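Asker: Produce the complete structure using the sequences and hints provided.
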Amino acid sequence: MIFDLDQTVVDSRLLAPLRMGKNRNWNIVQKRIPEIQCYDGIIELITSLRQKGRKVAIVTSSPRKSYAEHVLVNFGINVDAIIGYHDSSKHKPHPDPLLKAAKLLNVNPVDILAIGDDPKDVIAAKAAEMYSGAALWGALNKRELLSSSPDFTFYNVEDIYRYIS
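Under the working numbering, the first residue of the sequence shown carries the number 100, and numbering increases by one thereafter.
Simulated from the structure, these hints should not be mistaken for lab results.
Hints should not be assumed to be uniformly reliable.
[Stated by the list, open to error] 30 Å max Cα-Cα, derived BS3-like pairs, lysine-lysine:
no., residue 1, residue 2
1, K121, K219
2, K219, K130
3, K154, K225
4, K199, K154
5, K164, K219
6, K189, K154
7, K225, K202
8, K189, K199
All values reported here derive from a predicted model rather than from experimental measurement.
Answerer: In structure tokens form, the structure reads like this:
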């Protein structure tokens, strides 16, 4: 399973002004990571998936080293692979980051569910021939996300549990 990071695993809206545009400052962002929150049940879901032998990756449009790894460490989240912005030359909605994650996981893309909060996550998953899941709990524009025609719609983390059981 592949998860997007921001607005899927963590609610990072608080840090958005520091992460975007000309004024982005990753040093300040790192210091403020403890101020953001994980979505209810997501840590337990990822832990449960891995305990059951399922491989889990994070694919984010944010930098892996200066951001994503720090977020995961802060929340004690362990995954099998992390693909960040600098880990591929093409970015979501292009499928390359997701395909790179599939390769690192050693899982056939057609056997992967990729979950994200943004239409580019759905588009990338479909282009990678993966199942796509819409994480409505963090989506900033739910209508646009639903218009991207995800294979599955998840209103909360519990919906993912129902899907995988």
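Asker: Now, for every hint given, state plainly whether the structure supports it.
Answerer: Structure-based check of all given hints:
| no. | hint | verdict |
| --- | --- | --- |
| 1 | K121 x K219 | holds (22 Å) |
| 2 | K219 x K130 | holds (28 Å) |
| 3 | K154 x K225 | holds (19 Å) |
| 4 | K199 x K154 | holds (14 Å) |
| 5 | K164 x K219 | holds (22 Å) |
| 6 | K189 x K154 | holds (23 Å) |
| 7 | K225 x K202 | holds (16 Å) |
| 8 | K189 x K199 | holds (11 Å) |
In summary, the structure agrees with every hint in the numbered list given earlier.
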